[in-house]
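Trainee: Construct all of the structure, not just a fragment, from the sequences and the given hints.
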Amino acid sequence: MLKLTCFPTFSHFAVDSHIIMSKRKARDAHLPVGECIKQVQQILRERFCERRLPDRLEGVEAQYKHLLELLRRTAIHGESNSVLIVGPRGAGKTTLLQCVLRDLQKEEKVQKNLLQVHLNGLLQTDDRIALKEITRQLHLENVVGDKVFGSFAENLAFLLEALKKGNRSSSCPVLFVLDEFDLFAHHKNQTLLYNLFDVSQSAQAPIAVVGVTCRLDVLELLEKRVKSRFSHRQIHLLSSLNFTQYLERVWTQLSLPDSFPDKKFAQEWNAGVKTLCEDKSVEEVLQRHFNSSKDFRSLHMLLMLCLSRVSVAKPTIKPADLLEASRMCFADTTANMLHGLSILELCLVIAMKHLNDVYEGEPFNLQMVHNEFKKFLHRKSNSMYNFEQPVVMKAFEHLQQLELIRPVDGSSAKVQREYQLMRLTLDHSQIMEALQKYPQCPTDIKQWAMSAFG
Amino acid sequence: MEVLYHFFHRNLEELLKCIFRSLLVMFWCFEMTRFEILMPVCFSSFAISVEGLSKIIINTGQDIFIEGCDEDNPYVAKVTRLYGDGESYSHKLGFVQWFIRVSELPVNKLKLLGREPHPQEIFYYECRNCDNEVNVESILRPVKVKHLDSNDPFPDSADKDTLYVKLSWDSKVFRVVNSTVVESPAEPAPASSPPSCLKPSLPMSPSCSQSAATPRGPSRRTPANVEAESLHSATKLSASKCLSAKRRNATARTPGVRKRLELSSECLHKDFKMQPLCRTREQQGYIYISNTKSYHHFLTVSLIFLQISPGTPQTPRHATPSIPIRSLQTQQPANILEEARARLHVSSVPESLPCREQEFQDIYSFVESKIVDNTGGCMYISGVPGTGKTATVHEVIRCLQHAADMDEIPSFHFIEINGMKMTDPHQAYVQILQKLTGQKATPDHAAVLLEKRFSNLAPRKETIVLLVDELDLLWTRKQNVMYNLFEWPARRHARLVVLTIANTMDLPERIMINRVASRLGLTRMSFQPYSFKQLQEIIMSRLNKLKAFEEDALQLVSRKVAALSGDARRCLDICRRATEICEHSAADPSSTGLVGMSHVMEALNEMFSSAYITAIRCASTQEQLFLRAVITEFRRLGLEEATFQQVFVQHQALCRIEGLKPIGVSEGLAVCQRLGACRLLLLEPSHLGVLQRIRLNVSQDDIFYALKAD
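Read top to bottom, the protein sequences are chains U and R. Anchor point for the first sequence: position 65 equals 65 in UniProt numbering, and the numbering is continuous, going up by one each time. Anchor point for the second sequence: position 272 equals 272 in UniProt numbering, and the numbering is continuous, going up by one each time.
Worth double-checking, as some hints may not be accurate.
[Said to hold, decoys possible] For lysine-lysine, the following DSS-like pairs were computed, each having C-alpha atoms within a straight-line distance of at most 27 Å:
{"no.": "1", "chain 1": "U", "residue 1": "K132", "chain 2": "R", "residue 2": "K560"}
{"no.": "2", "chain 1": "R", "residue 1": "K478", "chain 2": "R", "residue 2": "K452"}
{"no.": "3", "chain 1": "U", "residue 1": "K224", "chain 2": "R", "residue 2": "K560"}
{"no.": "4", "chain 1": "R", "residue 1": "K440", "chain 2": "U", "residue 2": "K164"}
{"no.": "5", "chain 1": "R", "residue 1": "K661", "chain 2": "U", "residue 2": "K446"}
Just so you know, these hints were derived from the structure itself, not from any lab.
Mentor: Structure, rendered in structure tokens:
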């Protein structure tokens with residue numbers, strides 16, 4: 001199933017210092033284990049945290065080529081373009097763009113011929129801020145000298161004039177990268193987008209507008225004039241990855257490059273990774289992850305948790321580590337919170353669950369919950385006593401603070417606290433799971449929880 | 001505080017003006033109604049007077065200053081005829097022969113002179129198309145104009161009220177001018193002397209001559225020597241009179257003192273403590289250099305009734321911004337496909353605009369007729385995006401400019417504003433003013449200046465053609481921007497042609513209030529979306545016989561685009577993309593090197609197909625299951641909306657059916673959020689947890705189709 005015989009090369013993965021170090025230590029190839037582990041941690045962590053761009057992108061060659069050609073034409077021919085990169089979160093949109101830019105910068109013709117402006121919809125929340133940022137990144141504020149930047153209107157006129165002055169053959173092309181592109185579409189009148197696209201469709205300074213977004217319906221957000229000016233190029237990053245490729249990816253992500261200083265350690269490590277990937281239980285866990293989500297960011301999260309368990313005493317990743325990491329990834333956080341509740345609070349939650357069952361999800365108030373609880377005490381309980389109303393109220397408020405219950409919209413302030421309507425934000429399965437794991441839970445309470453009605 | 005003062009200051013002046021004007025009008029009406037003449041009457045002289053100040057008498061043949069935009073350099077002209085018109089001669093008009101100042105000459109023509117112009121030099125203006133009629137109210141005072149022979153040196157004189165004529169200017173060349181044409185026949189009468197000429201130069205009616213003979217009223221005024229009330233306020237007129245005296249000492253130090261500021265400080269300094277400040281600053285010439293914000297504001301406000309003259313020190317204009325120059329030359333297109341791509345880019349300007357001949361002709365004749373007739377007008381152009389509205393107007397202007405250069409029509413000034421390229425509708429004023437005069441002003445100030453410019457008599461003004469793109473963005477609640485834009489062309493002397501462009505055909509009916517819509521008028525034009533034949537022609541004309549496309553491929557693109565939107569931009573973009581695809585597949589031995597059907601089909605698919613179905617196919621197993629769970633729950637509820645909790649129950653059941661391990665709530669929520677981020681689902685804010693409501697953003701059929709195919 002897996003072609004484990006061909007080892008991929010990772011010539012650029014290691015930092016320069018590593019290469020120098022490897023040359024120096026080539027004679028005495030054996031490093032102490034502690035040093036090796038340190039290096040492994042560093043190399044792999046850089047990979048998982050996406051601090052280092054991969055050498056070569058896998059699975060998106062066509063998109064890579066399209067984008068590279070497009071931006072190269074802007075830089076070399078001065079052709080204005082606009083394009084959107086669309087794909088789900090964690091699909092590698094930014095990585096694709098960064099790789100293209102990195103490779104573009106390597107070309108001599110492009111190097112000094114491309115100005116870049118990076119904007120992010122989460123940072124530049126309106127056009128005023130965006131314009132200031134563009135001016136700053138283009139170093140145009142030097143032109144104005146020490147004059148403090150004027151109004152929004154002046155700023156816009158200034159920038160438009162700057163772009164209008166240019167022409168295709170003589171001015172330097174500008175690349176605009178708009179991260180979270182959909183947020184720019186919510187700016188007033190979409191002034192920024194209109195102007196950028198308008199410049200890209202008229203004989204002014206050559207610009208390339210690259211929008212990055214995860215929304216598939218992004219074109220519907222554009223106003224019709226803005227839409228008409230957009231070139232309608234969209235690069236979709238939708239991975240049609242299958243499980244075999246996914247496993248292969250896990251394996252490449254974990255293996256060490258050839259340039260690793262200690263050859264022997266690297267071989268042992270890679271062999272360890274190979275056996276890990278062939279393990280049945282590991283495959284099951286990875287299959288579950290793959291079913292849940294195909295994006296690599298969540299995979300990196302999982303592998304990072306495994307990696308953190310590697311130490312000098314245990315210099316390989318064992319299947320048990322992966323199982324543990326997977327358990328942590330899939331842990332239900334709200335159910336975990338239930339473990340920390342007092343018995344009274346737990347009883348109230350169970351009472352709410354019964355109320356939900358009886359009234360089919362209608363909201364409840366403290367009084368109803370307390371009554372339900374008292375009914376239970378009256379009928380079955382032998383381990384629990386009744387509590388004073390204020391104590392129950394306190395427990396109820398604690399549950400609200402934890403956001404395990406949430407007031408119904410629009411019923412706040414006016415109503416007395418006991419009668420305020422609430423909803424439970426827990427699923428039945430979560431409550432049952434928490435009860436199973438609750439330390440020393442009284443049996444009668446468990447039975448009460450499991451009984452059908454009250 | 002200062003700001004407050006200033007508003008008060010301004011209002012007070014306005015008030016004074018109003019009161020004074022109404023007083024004078026009443027006085028004047030009283031005088032004139034006695035004659036009961038309705039025919040135009042010619043006069044040989046006018047006396048301009050303001051109460052409390054001595055009169056100025058204007059005779060025919062005299063040289064005068066006429067109020068213009070620039071307060072320090074008023075227009076110069078010679079009176080050729082004076083007459084009264086209308087009900088009780090309320091219109092007092094004069095015909096003049098214009099002189100032109102050096103500052104009014106086009107900068108690029110100055111080199112024709114071949115020497116440095118003298119600051120007090122003026123030129124005899126011989127141009128047919130200029131308006132010779134002026135309102136008497138705009139006359140400021142007499143001036144001395146002396147003729148010099150072309151070889152004589154200019155006399156050395158500090159007297160600013162004497163101007164010298166050597167040459168004439170007919171908007172193309174300078175010529176030597178005859179002294180008899182220029183020199184005034186008579187020296188202007190001193191202001192205090194009694195009127196010398198009492199008879200109308202052309203007795204047009206007996207009653208008129210009779211009335212001239214009989215002195216009436218205590219003032220013994222005759223229609224030949226009427227007192228014309230001036231549009232200027234009392235303060236202004238007084239200033240224009242005091243000016244010559246005052247200027248001799250004031251201008252010696254600061255050239256180009258602003259008259260009105262001075263006068264306001266003079267007349268109102270008792271009321272306003274700030275005046276001395278303003279004056280001293282003015283005299284030092286430091287007007288613009290100020291750090292305090294309030295003073296700056298004061299200046300902005302005071303500029304409303306100040307006019308900036310080119311002679312005074314101005315704010316240094318913005319250093320013109322520009323994008324840095326590229327270090328390496330652009331590469332020229334190397335092969336046919338690259339060449340085609342360059343030509344098909346929307347930005348490349350074609351030699352001619354095909355398929356819009358009729359519209360072009362209509363707009364051209366409209367604008368041309370307005371320019372030739374020296375009138376104004378509005379036109380409304382509508383059409384969906386990408387139908388060539390702006391391009392056609394630009395083409396029209398280009399042709400008109402060419403015609404103007406060839407002297408077929410009078411020259412004109414073209415200004416373009418775009419509603420989308422401004423941050424606020426009121427910025428329209430600022431941009432128009434800036435493009436018209438280069439001045440910078442706040443929106444309110446700019447509105448006042450423009451209002452003045454378009455309503456006042458402005459001799460020797462070129463017609464202005466104003467293009468307002470994306471008109472609907474100029475909508476404000478009171479619609480005053482639109483109102484002004486359509487009101488100005490209707491003014492008698494505005495000579496403004498406004499071309500407006502927007503997308504919707506019924507915009508005037510939909511968003512404009514009646515008085516705005518009525519001013520816009522009924523000159524409308526709508527651009528229809530291009531038909532497939534037209535689109536084909538557009539591409540063909542752009543390619544210009546370059547053989548890069550197969551016939552069928554072109555037809556496919558144009559038919560497809562015509563069916564969808566008729567947007568020419570779309571059509572060109574698709575063609576451009578098709579050339580790229582063709583280039584990539586060039587390695588294929590079967591390819592002909594031309595862009596064929598398959599390439600165009602691929603480009604069309606890329607641009608028009610929705611990504612939803614692919615996105616669902618590429619989603620993970622749990623995400624697909626969740627979508628199915630949503631549909632199942634919708635079916636069960638009979639509604640198009642469900643909470644996460646409800647869907648999750650279905651999801652658990654589906655997991656069991658599919659033989660997968662049921663997932664936890666946290667994981668389920670994560671799956672749901674991922675689908676929400678792609679907008680396959682529409683979600684409520686995530687803090688609601690399991691209570692958030694879910695809707696589908698794709699049709700159920702699409703989901704079934706996508707999931708069935710595997």
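Trainee: For each hint, tell me whether it holds in the structure or not.
Mentor: Hint check results:
no. : hint            : verdict
1   : U:K132 - R:K560 : violated (41 Å)
2   : R:K478 - R:K452 : holds (21 Å)
3   : U:K224 - R:K560 : holds (19 Å)
4   : R:K440 - U:K164 : holds (20 Å)
5   : R:K661 - U:K446 : holds (25 Å)
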